[in-house]
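Visitor: Here is what each chain is made of, one letter per residue.
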Amino acid sequence: MPSAVPETNGTPNGTTLGTSTDGGLSANDNIRRFAAPSRPLSPRAEHTLFHNKTRCFVYGLQPRAVQGMLDFDFICKRKTPSVAGIIYTFGGQFVSKMYWGTSETLLPVYQSVEKAMAKHSDVDTVVNFASSRSVYQSTMELMEYPQIKSIAIIAEGVPERRAREILHVAKKKGITIIGPATVGGIKPGCYKIGNTGGMMDNIVASKLYRPGSVAYVSKSGGMSNELNNIIANTTDGVYEGVAIGGDRYPGTTFIDHMLRYQADPECKVLLLLGEVGGVEEYRVIDAVKSGQITKPIVAWAIGTVASMLKTEVQFGHAGSFANSQLETAAAKNKSMKEAGFFVPDTFEEMPQMLAQVYQKLLKDGTIKPKPEPAVPKIPIDYSWAQELGLIRKPAAFISTISDDRGQELLYAGMPISDVFKENIGIGGVMSLLWFRRRLPDYASRFLEMVLMLTADHGPAVSGAMNTIITTRAGKDLISALVSGLLTIGSRFGGALDGAAEEFTRAYDKGLSPRDFVDTMRKENKLIPGIGHRVKSRNNPDLRVELVKEFVHKNFPNTKLLDYAIAVETVTTSKKDNLILNVDGCIAVSFVDLLRNCGAFSPEEAEDYLKMGVLNGLFVLGRSIGLIAHFLDQKRLRTGLYRHPWDDITYLLPNLASGPPGTEGRVEVSM
Amino acid sequence: MSAKAILEADGKAILNYHLTRAPVIKPTPLPVSATHNPAPKLASLNFPDDQDVNAVLDQAETTYPWLLARDAKFVAKPDQLIKRRGKAGLLCLNKSWAECRTWIEGRAKKVQRVETVDGILRNFLVEPFVPHPSDTEYYININSVREGDWILFTHEGGVDVGDVDEKAEKLLVPVDLSQYPSNDEIAATLLKKVPKGIHNVLVDFISRLYAVFVDCQFTYLEINPLVVIPNADATSAEVHFLDLAAKLDQTAEFECGVKWAIARSATALGLAVVKPRDGKVTIDAGPPIEFPAPFGRELSKEEAYIAEMDAKTGASLKLTILNPKGRVWTLVAGGGASVVYADAIASAGFAGELANYGEYSGAPSETQTFHYARTVLDLMFRSPNHPEGKVLFIGGGIANFTNVASTFKGVIRALREVAPLLIEHKVQIWVRRAGPNYQEGLKNIQAVGKELELDMHVYGPEMHVSGIVPLALTGKQSDIKEFSG
Numbered sequence: 001m002p003s004a005v006p007e008t009n010g011t012p013n014g015t016t017l018g019t020s021t022d023g024g025l026s027a028n029d030n031i032r033r034f035a036a037p038s039r040p041l042s043p044r045a046e047h048t049l050f051h052n053k054t055r056c057f058v059y060g061l062q063p064r065a066v067q068g069m070l071d072f073d074f075i076c077k078r079k080t081p082s083v084a085g086i087i088y089t090f091g092g093q094f095v096s097k098m099y100w101g102t103s104e105t106l107l108p109v110y111q112s113v114e115k116a117m118a119k120h121s122d123v124d125t126v127v128n129f130a131s132s133r134s135v136y137q138s139t140m141e142l143m144e145y146p147q148i149k150s151i152a153i154i155a156e157g158v159p160e161r162r163a164r165e166i167l168h169v170a171k172k173k174g175i176t177i178i179g180p181a182t183v184g185g186i187k188p189g190c191y192k193i194g195n196t197g198g199m200m201d202n203i204v205a206s207k208l209y210r211p212g213s214v215a216y217v218s219k220s221g222g223m224s225n226e227l228n229n230i231i232a233n234t235t236d237g238v239y240e241g242v243a244i245g246g247d248r249y250p251g252t253t254f255i256d257h258m259l260r261y262q263a264d265p266e267c268k269v270l271l272l273l274g275e276v277g278g279v280e281e282y283r284v285i286d287a288v289k290s291g292q293i294t295k296p297i298v299a300w301a302i303g304t305v306a307s308m309l310k311t312e313v314q315f316g317h318a319g320s321f322a323n324s325q326l327e328t329a330a331a332k333n334k335s336m337k338e339a340g341f342f343v344p345d346t347f348e349e350m351p352q353m354l355a356q357v358y359q360k361l362l363k364d365g366t367i368k369p370k371p372e373p374a375v376p377k378i379p380i381d382y383s384w385a386q387e388l389g390l391i392r393k394p395a396a397f398i399s400t401i402s403d404d405r406g407q408e409l410l411y412a413g414m415p416i417s418d419v420f421k422e423n424i425g426i427g428g429v430m431s432l433l434w435f436r437r438r439l440p441d442y443a444s445r446f447l448e449m450v451l452m453l454t455a456d457h458g459p460a461v462s463g464a465m466n467t468i469i470t471t472r473a474g475k476d477l478i479s480a481l482v483s484g485l486l487t488i489g490s491r492f493g494g495a496l497d498g499a500a501e502e503f504t505r506a507y508d509k510g511l512s513p514r515d516f517v518d519t520m521r522k523e524n525k526l527i528p529g530i531g532h533r534v535k536s537r538n539n540p541d542l543r544v545e546l547v548k549e550f551v552h553k554n555f556p557n558t559k560l561l562d563y564a565i566a567v568e569t570v571t572t573s574k575k576d577n578l579i580l581n582v583d584g585c586i587a588v589s590f591v592d593l594l595r596n597c598g599a600f601s602p603e604e605a606e607d608y609l610k611m612g613v614l615n616g617l618f619v620l621g622r623s624i625g626l627i628a629h630f631l632d633q634k635r636l637r638t639g640l641y642r643h644p645w646d647d648i649t650y651l652l653p654n655l656a657s658g659p660p661g662t663e664g665r666v667e668v669s670m
Numbered sequence: 001m002s003a004k005a006i007l008e009a010d011g012k013a014i015l016n017y018h019l020t021r022a023p024v025i026k027p028t029p030l031p032v033s034a035t036h037n038p039a040p041k042l043a044s045l046n047f048p049d050d051q052d053v054n055a056v057l058d059q060a061e062t063t064y065p066w067l068l069a070r071d072a073k074f075v076a077k078p079d080q081l082i083k084r085r086g087k088a089g090l091l092c093l094n095k096s097w098a099e100c101r102t103w104i105e106g107r108a109k110k111v112q113r114v115e116t117v118d119g120i121l122r123n124f125l126v127e128p129f130v131p132h133p134s135d136t137e138y139y140i141n142i143n144s145v146r147e148g149d150w151i152l153f154t155h156e157g158g159v160d161v162g163d164v165d166e167k168a169e170k171l172l173v174p175v176d177l178s179q180y181p182s183n184d185e186i187a188a189t190l191l192k193k194v195p196k197g198i199h200n201v202l203v204d205f206i207s208r209l210y211a212v213f214v215d216c217q218f219t220y221l222e223i224n225p226l227v228v229i230p231n232a233d234a235t236s237a238e239v240h241f242l243d244l245a246a247k248l249d250q251t252a253e254f255e256c257g258v259k260w261a262i263a264r265s266a267t268a269l270g271l272a273v274v275k276p277r278d279g280k281v282t283i284d285a286g287p288p289i290e291f292p293a294p295f296g297r298e299l300s301k302e303e304a305y306i307a308e309m310d311a312k313t314g315a316s317l318k319l320t321i322l323n324p325k326g327r328v329w330t331l332v333a334g335g336g337a338s339v340v341y342a343d344a345i346a347s348a349g350f351a352g353e354l355a356n357y358g359e360y361s362g363a364p365s366e367t368q369t370f371h372y373a374r375t376v377l378d379l380m381f382r383s384p385n386h387p388e389g390k391v392l393f394i395g396g397g398i399a400n401f402t403n404v405a406s407t408f409k410g411v412i413r414a415l416r417e418v419a420p421l422l423i424e425h426k427v428q429i430w431v432r433r434a435g436p437n438y439q440e441g442l443k444n445i446q447a448v449g450k451e452l453e454l455d456m457h458v459y460g461p462e463m464h465v466s467g468i469v470p471l472a473l474t475g476k477q478s479d480i481k482e483f484s485g
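Chains A and B, in that order, are what the protein sequence lines are.
Using full-length UniProt numbering, you'd call the opening residue of the first sequence number 1 and step up by one each time.
Using full-length UniProt numbering, you'd call the opening residue of the second sequence number 1 and step up by one each time.
This is chain A alone, in the form it adopts within the complex:
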């Protein structure tokens, strides 16, 4: 829960919606900036831990909690936000953008405690969100600065010895620690620690934007919200509330806060929500007995069930475990009642009891009802409004192939675990992501076959050459790979696309293979996919044989391949090496596949070809080889390549040799 890991959602420094779009108003115009106070604030009474000018640091990157605090400040009509800055030791970011009402403000992010303290001398409290592992070290560091008067520790699971060391040092220095393992506390109209009070709608429902007369201390953070609700429903509201945390050794206990509440004249009723385990409730009892506390206390200790169970149960809180009869909830409730606390018979009856106490004080004039201020409007967060289904907006992007939002990554709807369970291979993954469907097994295997056949074609071809030269220039893998890939086009590697296009067109027009060859010759066009440097009919290319064999064996229909083989018969009769080469063979087979495997409509098949999916196959396959060339060159530690002069013919014009047009420029006319 509480940790120093930055939250990804709700980060306010991402896009700021609606600020840059409204005509001419730049995002910067909507940012509120707050100056430091011109003079030091006059010191507050000892019992005042928080007030409406309290300024704090938030330790750890918790944008959602900080935003909650700022929203609270805003509806409490504070002049300045309570958060002066964020301390994030892993940070590299210097400001964090937050909302202040509907405008925005920038909060500084400090990497060191020292800098933050030096910059904000008005800060006297810290909300420490550091994890249970690091909170000891960070709290000890924070306590070295005399300006710090209180620290709230949110983390759960702080080792008991460390918690005791913290509270010991704090006691010596007079620092109030709230926590560990707490949500914090709240002082309506003034200050709210972290996530206390829940969402804004709840803060408004429990009237936490203005002070009431009842101050509470609770162990549980979760139950503190319930208390806010109970108090708001039965009295004029919460004056202050602190959740001391569920651990065995909370930094401050009930008595520390009860004594503060007693000293504060604005606070009229005290409420104590104790718990099984520990003896801290008894210190409040002692204070009442000795006359230190005179205000009425409504109290209850939860966990009365423990004594009625046959075996020991460790409840949710680490400290909720009775080590002796004294620590049981029943004994505590009994003792508190005997000491004159208002203790109901069950927790369910607590609201009535609180109401009675409140009504009595109202009647005798101790509490004077205050006018109710107008209920503040709360700006609602975009992401939350969206989750509630209150707003909509057109999405800027659409994706139909994969989804990473759920429990499991989906490829075209297929969970990644099924991808492995069914062992669909790289061809299966390609068919899911490229075509958004499962293709028959033979089709997947054909795709894999293409990748394997196109993976590499030696170092001399232009793509590999480029990669090698780039690698030797000392560039990284991606640069070397991309420089090789950039050569792929109509000349290099493009034979696939061209062959598919020409053969398909001829076949669809109904040209006989001989007519096709004749037409191409008449147009002085080479037939892409036909011809090989060395291979011939008598010395066939084994790669082509492999493809042909696979296709004939597995494809339901091989019409275009058969057509291409017929074309080959015509061309080889003219010249022995004009065979159907591997590019041509793959291309026509792929068209056969798209058209006849049953997974595509004719329109879809044409569409994919037009999109250049064949080039995609070549790019993907050849990337394997290009990366191999990169690794090879790196492995060999080859140096920068420089082409020898003698391998370049230098033919430069001589500008001084004569009149214009006779400078001897070498021209190639098309």
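For the record, the hints were derived by calculation from the structure and aren't laboratory data.
Be aware that a few hints might be false.
Which stretches of chain B does chain A cover? Using the computed rule of at least three CB atoms under 8 Å from a CB of chain A, they are [to be verified]: (1) 32-42; (2) 211-222; (3) 348-361; (4) 396-402; (5) 463-474.
Some residues of chain A that are not near chain B, with every Cβ distance over 10 Å (derived) [said to hold, decoys possible]: (6) 122; (7) 174; (8) 210; (9) 259; (10) 337; (11) 356; (12) 395; (13) 416; (14) 475; (15) 540; (16) 553; (17) 565; (18) 652; (19) 661.
Everything numeric in this text was worked out from a predicted model, so none of it was measured.
From the three backbone atoms N, C-alpha and C, an ideal C-beta is built for every residue, glycine too.
Please build the complex by placing chain B on the supplied structure of chain A, with the hints as guidance.
Guide: For chain B alone, kept in the frame of chain A given last:
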């Protein structure tokens, strides 16, 4: 995550290993020992359901060859966090291995009643018997409180130690260890009734014991009897902790896990190092520490499943079965609210019928909530049909940041799957929850209740957190209306 009891064997192994290694807070009166303790002789025997008792005992003879030494005498006892074993007749003292073996055979995997609790004995500890004069039996106890650690010591230890709170000498060591008492202070406070001659030996031992207590983050440590037999010139002593109970701070695992593990590694225990069969890489030099369930509260399959799920997420998921045949079941969100519900059920007079304690909190995902709810529901249907039916509370406080609608989706999915059974078992369902987006959550669960014709009542924040409990169990009436869209 809190202070948790450990097995006696583990406690002894940790003490034995770290007594000479943990850095002492202040120098003790004795010179630092040049050698470390030899490996302890601790035969920890576990009898799982799927293994034959004799096979385990046979294996023990191979693993711990010292059991077969001629004329050796042993102590055998169950090691399952049972208090006052001597009084319960669960000690087999000063017996040969053959006798111990028979003694264990007669008890392993059998149900045993200890005071009011029934449990199965399945973990035993066998150690060499230490003959000693009775005036060498001491009692020592260290326990943590807010202000520091109390050390309790009395020279009259043993089974009949009596009320130690009353008769033990006490010394509070403050949290700030720079205030650690001097050797003289320790002797003057704790060793008043012990002959001067062995003060140095005892101060040395107490200081070392306390050093281990701090270094390994114990929260409780009790040794009774502690046997200290000084050598002739009282410069050192043979120390035996015959009986030990201890708790470690589970939350300190990240600081001390390595120390807890190494003390219990095969090497430290003097066992032949066996490569783990599954070839798994462990994170420390020894096995991770175990926190056994209290005696008679063996984790059921379901509890273990939830505990495992809990360990794997940032959310909190807890389940303890109190009475599998109970009529009242809870599915409550929040560490505080769950206790409040249990309280309310008990105070309505249904403590005996309360079937489970549990909670889910810290924004668990929909799937996690579903699995959690399904587990509780399955357990509920396993208990026999009751003529008056059963009651299920789907409760919780006002959440701080958990999205109620999304966790309720998981609960609803679980309810849908078992709707016919809910009707067959005549389950009344009472719902109360609030917090972010609770309106949506309550609306959805209410709609499902209607659709599946379940006996369901739904309340929002207007109802007291556990206010539905008396309504459901004692037929109390309330003016508060059920939630309506």
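Visitor: Does each hint hold? Answer for all of them.
Guide: Each hint tested on the structure:
1. 32-42: With 0 residues close enough to chain A, the hint is violated.
2. 211-222: holds (count 3)
3. 348-361: holds (count 5)
4. 396-402: holds (count 5)
5. 463-474: holds (count 6)
6. 122: holds, 28 Å
7. 174: holds, 16 Å
8. 210: Non-interface label on residue 210/A holds, nearest chain B Cβ at 19 Å vs cutoff 10 Å.
9. 259: Holds, because the least Cβ-Cβ distance between residue 259/A and chain B comes to about 17 Å, which exceeds 10 Å.
10. 337: holds, 15 Å
11. 356: About 15 Å separates residue 356/A from the closest Cβ of chain B, which puts it past 10 Å; holds.
12. 395: holds, 21 Å
13. 416: Per Cβ check, residue 416/A is outside 10 Å of chain B; nearest 16 Å; holds.
14. 475: Correct as stated: the minimum Cβ-Cβ distance to chain B is 38 Å, above 10 Å.
15. 540: Label holds. Min Cβ-Cβ 50 Å, cutoff 10 Å.
16. 553: holds, 43 Å
17. 565: holds, 55 Å
18. 652: With a cut-off of 10 Å, residue 652/A remains clear of chain B, as the shortest Cβ separation is near 68 Å.
19. 661: holds, 79 Å
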